[in-house]
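Colleague: Assemble chain U onto chain R, guided by the hints.
Now for the letters of each chain:
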Amino acid sequence: QKEVEQDPGPLSVPEGAIVSLNCTYSNSAFQYFMWYRQYSRKGPELLMYTYSSGNKEDGRFTAQVDKSSKYISLFIRDSQPSDSATYLCAMSADDYKLSFGAGTTVTVRA
Amino acid sequence: SAVISQKPSRDICQRGTSLTIQCQVDSQVTMMFWYRQQPGQSLTLIATANQGSEATYESGFVIDKFPISRPNLTFSTLTVSNMSPEDSSIYLCSVEGTRSYEQYFGPGTRLTVT
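Protein chains in written order, with the numbering used here: chain R, 1 to 110; chain U, 1 to 114.
The set of hints was computed from the structure by calculation and includes no laboratory data.
Yeah, the Cβ is synthetic: ideal placement off N, Cα and C, and Gly gets one too.
Everything hinted at is true.
List of simulated lysine-lysine pairs, BS3-like, C-alpha gap at most 25 Å:
| no. | chain 1 | residue 1 | chain 2 | residue 2 |
| --- | --- | --- | --- | --- |
| 1 | R | Lys97 | U | Lys65 |
| 2 | R | Lys2 | U | Lys65 |
| 3 | R | Lys70 | R | Lys2 |
| 4 | R | Lys97 | R | Lys70 |
| 5 | R | Lys56 | R | Lys70 |
| 6 | U | Lys7 | R | Lys42 |
| 7 | R | Lys97 | R | Lys56 |
| 8 | R | Lys67 | R | Lys56 |
| 9 | R | Lys67 | R | Lys97 |
Derived list of chain U stretches under chain R, where covered just means 3 residues or more per stretch with a C-beta under 8 Å from a C-beta of chain R:
| no. | segment |
| --- | --- |
| 10 | 33–46 |
| 11 | 90–96 |
Pulled out of the complex, with its shape left as it was, chain R reads as follows:
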């Protein structure tokens, strides 16, 4: 069993739709939960992070963590073509070592 599971998609949505992404994990030591965005032929960049359980909102993006279920989500509201990218969940147990999901490729159609 992989430490972090993420459906690779691909996911295709019309512009303006809500994009819902999620990951599950098995390591209960994880405390930091991140979402990285990776555009084609670029390196990943940190999009959002959440410490422990709870929700965090940043503009059109909302990250949710449910540690009891070992489940994290990212929602993108009013999606734009510029949101087309691969979204990687990542987790850390309070050190510099990050465990990544496989990434979900999202295409927002204009």
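Modeller: Chain U in isolation, oriented as in the chain R frame:
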């Protein structure tokens, strides 16, 4: 945030040869990381490189296959040795951010082994 460059951006290599990938950062950092990103698979940490000490390799990765140098606080190299087609992948370097969960990534080196 740090700006990271990698060379080469891509290469096609013959099996049995070696390729050295360079990673340059625009500021001094203590920790640098090397990852492998294979199609449809998770970004996988190969090793952590601290300046002035031996790199720390993750399970499944060995120094003979992936030797790493870290001569100063802004530069590192990863060599992929005795390559086989299974080594075809994107190799990324990253550096620590100000927070433990944050890393800044380079654009990656796309390697194809024939």
